[in-house]
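Order-wise, the sequence lines are chains A and B.
Just so you know, UniProt numbering puts 79 at position 79 of the first sequence, and the rest follows in order with no gaps.
Just so you know, UniProt numbering puts 368 at position 368 of the second sequence, and the rest follows in order with no gaps.
By construction, these hints were calculated from the structure, which means they are not laboratory data.
Hints may contain errors.
As the list claims (entries may be wrong) - In silico contact screen, one side only, chain B against chain A (beta carbon under 8 Å); selected entries:
#1 TRP63
#2 CYS107
#3 LEU111
#4 SER170
#5 GLY302
#6 ALA303
#7 VAL304
#8 ARG317
#9 ASP326
#10 PRO413
Please read all numbers here as calculations on a predicted model, not as lab measurements.
Every residue gets a Cβ at the ideal spot worked out from N, C-alpha and C, and that includes glycine.
Now for the letters of each chain:
Number of protein chains: 2
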Amino acid sequence: MSEGGTTPAASRADGGAGRRARAVWSALVEPGDEVAGALVAACGAAPALHWVDTSIRRGHPDWDALEAAGGELAAPVRRRVARAVERWSARRASVDPERDLAAARRCGARLVTPDDGDWPAGLDDLGAASPHALWVRGALPARGARAGATAAADDASRVVALVGARASTSYGERVAVDLAADLVRRGWWVASGGAYGIDAAAHRGALLAGGGTVAVLAGGVDRAYPVGNARLLEEIVVSGGAVVSEVPPGAAPTRSRFLQRNRLIAALSCATVVVEAAWRSGAASTAHHAARLLRPVGAVPGAVTSAASAGCHRLLRDGVAVCVTDADEVVELAGPTRHLAPAVEDEGPAGEVDGLDPVARRVHDGLSRRAPRDVDVIAARSGVSVAEARAALGLLELDGRARRLAAGWVVVPGHESGKG
Amino acid sequence: MSEGGTTPAASRADGGAGRRARAVWSALVEPGDEVAGALVAACGAAPALHWVDTSIRRGHPDWDALEAAGGELAAPVRRRVARAVERWSARRASVDPERDLAAARRCGARLVTPDDGDWPAGLDDLGAASPHALWVRGALPARGARAGATAAADDASRVVALVGARASTSYGERVAVDLAADLVRRGWWVASGGAYGIDAAAHRGALLAGGGTVAVLAGGVDRAYPVGNARLLEEIVVSGGAVVSEVPPGAAPTRSRFLQRNRLIAALSCATVVVEAAWRSGAASTAHHAARLLRPVGAVPGAVTSAASAGCHRLLRDGVAVCVTDADEVVELAGPTRHLAPAVEDEGPAGEVDGLDPVARRVHDGLSRRAPRDVDVIAARSGVSVAEARAALGLLELDGRARRLAAGWVVVPGHESGKG
Numbered sequence: 001m002s003e004g005g006t007t008p009a010a011s012r013a014d015g016g017a018g019r020r021a022r023a024v025w026s027a028l029v030e031p032g033d034e035v036a037g038a039l040v041a042a043c044g045a046a047p048a049l050h051w052v053d054t055s056i057r058r059g060h061p062d063w064d065a066l067e068a069a070g071g072e073l074a075a076p077v078r079r080r081v082a083r084a085v086e087r088w089s090a091r092r093a094s095v096d097p098e099r100d101l102a103a104a105r106r107c108g109a110r111l112v113t114p115d116d117g118d119w120p121a122g123l124d125d126l127g128a129a130s131p132h133a134l135w136v137r138g139a140l141p142a143r144g145a146r147a148g149a150t151a152a153a154d155d156a157s158r159v160v161a162l163v164g165a166r167a168s169t170s171y172g173e174r175v176a177v178d179l180a181a182d183l184v185r186r187g188w189w190v191a192s193g194g195a196y197g198i199d200a201a202a203h204r205g206a207l208l209a210g211g212g213t214v215a216v217l218a219g220g221v222d223r224a225y226p227v228g229n230a231r232l233l234e235e236i237v238v239s240g241g242a243v244v245s246e247v248p249p250g251a252a253p254t255r256s257r258f259l260q261r262n263r264l265i266a267a268l269s270c271a272t273v274v275v276e277a278a279w280r281s282g283a284a285s286t287a288h289h290a291a292r293l294l295r296p297v298g299a300v301p302g303a304v305t306s307a308a309s310a311g312c313h314r315l316l317r318d319g320v321a322v323c324v325t326d327a328d329e330v331v332e333l334a335g336p337t338r339h340l341a342p343a344v345e346d347e348g349p350a351g352e353v354d355g356l357d358p359v360a361r362r363v364h365d366g367l368s369r370r371a372p373r374d375v376d377v378i379a380a381r382s383g384v385s386v387a388e389a390r391a392a393l394g395l396l397e398l399d400g401r402a403r404r405l406a407a408g409w410v411v412v413p414g415h416e417s418g419k420g
Numbered sequence: 001m002s003e004g005g006t007t008p009a010a011s012r013a014d015g016g017a018g019r020r021a022r023a024v025w026s027a028l029v030e031p032g033d034e035v036a037g038a039l040v041a042a043c044g045a046a047p048a049l050h051w052v053d054t055s056i057r058r059g060h061p062d063w064d065a066l067e068a069a070g071g072e073l074a075a076p077v078r079r080r081v082a083r084a085v086e087r088w089s090a091r092r093a094s095v096d097p098e099r100d101l102a103a104a105r106r107c108g109a110r111l112v113t114p115d116d117g118d119w120p121a122g123l124d125d126l127g128a129a130s131p132h133a134l135w136v137r138g139a140l141p142a143r144g145a146r147a148g149a150t151a152a153a154d155d156a157s158r159v160v161a162l163v164g165a166r167a168s169t170s171y172g173e174r175v176a177v178d179l180a181a182d183l184v185r186r187g188w189w190v191a192s193g194g195a196y197g198i199d200a201a202a203h204r205g206a207l208l209a210g211g212g213t214v215a216v217l218a219g220g221v222d223r224a225y226p227v228g229n230a231r232l233l234e235e236i237v238v239s240g241g242a243v244v245s246e247v248p249p250g251a252a253p254t255r256s257r258f259l260q261r262n263r264l265i266a267a268l269s270c271a272t273v274v275v276e277a278a279w280r281s282g283a284a285s286t287a288h289h290a291a292r293l294l295r296p297v298g299a300v301p302g303a304v305t306s307a308a309s310a311g312c313h314r315l316l317r318d319g320v321a322v323c324v325t326d327a328d329e330v331v332e333l334a335g336p337t338r339h340l341a342p343a344v345e346d347e348g349p350a351g352e353v354d355g356l357d358p359v360a361r362r363v364h365d366g367l368s369r370r371a372p373r374d375v376d377v378i379a380a381r382s383g384v385s386v387a388e389a390r391a392a393l394g395l396l397e398l399d400g401r402a403r404r405l406a407a408g409w410v411v412v413p414g415h416e417s418g419k420g
């Protein structure tokens, strides 16, 4: 890294340059680009961007500078990074953070980064796929009790995602309105998308109860999609809720951004409840994102004769979701007893592990509890070959010490410090 | 035991005396009387009855004779047996098997005992609570293929209980009719009670499809309860199904017999499906009997706004039942593949996959992580042709996203969500 001496800690404290860099990252890379996420996590937002810019200027990645910051990179990792720099370079010239920040100001939005107090901590569980920043109109659920809410817990930890089909039925909309209103009355926030159908019904229910709701958009926060929901989004903002996106104002809501947007809804929320969903649906994808994050998932049953409930029933059948029929059951699902599970404590270096051969021990040490890592990243961290890492991970998985999530490998809590 | 030398094996082979004794037992003791069941299992039906009669005549239990057959009895067991003999003695004089058998002949019923070829083997899983005999009008599902049914399995192992509330809705009745008819069309039998509502709808559905159904009554098979279902029960008998009870003709359907009857429905069937049930209901009790017998339990979901589905949702929430929405899912629940434990836990549908063409994406979605699937199953699930599925699978395999095992294709973990 040309600045030299950057550490992970620097990423949270690089102030103005960091914020500006995150604004750039949010426009430069597609949501969920894990190479970008890993680079920023390793070097900090501004140094990582500086390195990318230097590499683009020189026409090739500057491996010496990168490895000075992040350690030796295995060949497959280099290839992934090189490909990423290529795809970013195509867009780099058109990224203008000042323009985006000005557009944000015009529509009453601001940039919220992991350095900010209202950054939703749950997003960090996305690891390398966590967003670089959020563009926010309105107020995010606060850490620390909101006036009117139950004082015990902070709002940021009391958010339930209510998601479902655009092609909803009057039954599903009624249930979404009732659930959202009842949740808000119990001091919870609601999160959903910005679509017609269940999304809109969930927000309407939250607004009816006078409470907080977060609409997470796939495009910029200055453009309602669909336009027919523009008024609803305005109401959310003026009523103390938030309209949020990880792409800058003006950005188009593409199909892939819709799919990636679902991971934000899941990560923002303690639990995700699917109210109505067809057999294949975006709502089911949000549910699977939540399940991968080890967050509880609920599904509202409906008539088996209703295609709009088929996705809910599939989630129930597959054991992805628990059957929920009212707000009490949703709170029970999302409640604190439910997430005591693994995610609470942060990583910290893993201790020594008994009964493991040296390679397995190093691979084990290269795992995090929270941030899923790819085999090649783990190999690189552990200083073993990818083949060795793969073999060791298989053994660790058999042993219950490691777990393979969709986003990569994590260490199993209780097995970081070599017990038994 | 005065005859001496009786063994459990003898109970299946004591011929005419055994049949007559079982007719007596079925009238003498209340359904589910486990003391009677244990005595008969230990000594055989006729010797056990002889011992009871001797004890009644003498005015006290003949422990020496009993222990000669069954080994030493601990004090608490002696007390239970003594109390049982007392309660049986009150009824013994009024039991007349010849009268009951004559009444059975008059209504076209016959006595079926464990010695008979059409004795439903599943009843034996009830252990000491298994019935002493069944009074049967019509034909029980045969061991060995019935004409018209799929030849592979015998009918006796292809029975599904469809149970539910008397206070059903038109939705529940429609689902019961459809499920029963579709099951019969697939070569399955249906079992249920004789009540209005879901019971009657299940039988009607089976009859519509021209197939076998078993009505298990709490009272004698000569008396329809409720009377309004008399005609339906006749139709069942003439259509090749059966009306069945463990109490003799003329016996009244008491409340406790209704509850005990539920265990017979569960034990007769490979799986029990609750179609509609209120929060507390007899159908839920049948489901719990099935669960105790380690038989699969299904529940049909319904609107959360319908009280008639509250019991189904409760079974789903409590993890007693699996969500089932059509006959295919019921067959999957009841079928042999379901009994092989590992197949039950499926990872659920894969999430979205970037960088795949639409056909490949659908094929990818049609794969499970755990359950290997054949190409034609995958094609059917994915809604593509078999040729398309085969081509796409080849590409997915090259790509490391799918893997061909001996038993079929699976998705490769870490590639369900296709990020990066």
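Cross-check of the supplied hints:
The restraint placing B:TRP63 at the interface with chain A is violated, with a minimum CB-CB distance near 53 Å, outside the 8 Å limit. Hint on B:CYS107 is violated. Least Cβ distance to chain A is approximately 38 Å, over the 8 Å limit. Below 8 Å, beta-carbon pairs count as interface contacts, and B:LEU111 has none with chain A, the closest being about 40 Å; its hint is therefore violated. At a threshold of 8 Å, the smallest CB-CB gap from B:SER170 to chain A is about 11 Å, leaving the interface hint violated.
At about 6 Å, the closest approach between the beta carbon of B:GLY302 and any beta carbon in chain A falls short of 8 Å, and the interface hint on this residue holds. For the restraint placing B:ALA303 at the interface with chain A, the shortest Cβ-Cβ distance is roughly 6 Å, inside the 8 Å limit, so the hint holds. Of the supplied interface hints, the one on B:VAL304 holds, with its beta-carbon coming within about 4 Å of a beta-carbon of chain A, less than 8 Å. Residue-level restraint check for B:ARG317 holds (minimum Cβ-Cβ distance to chain A is 5 Å; threshold 8 Å).
Restraint check, B:ASP326 versus chain A: the minimum CB separation of about 7 Å is within 8 Å; hint holds. Against a cut-off of 8 Å between C-beta atoms, the interface hint on B:PRO413 holds, since the closest Cβ of chain A lies about 5 Å away.
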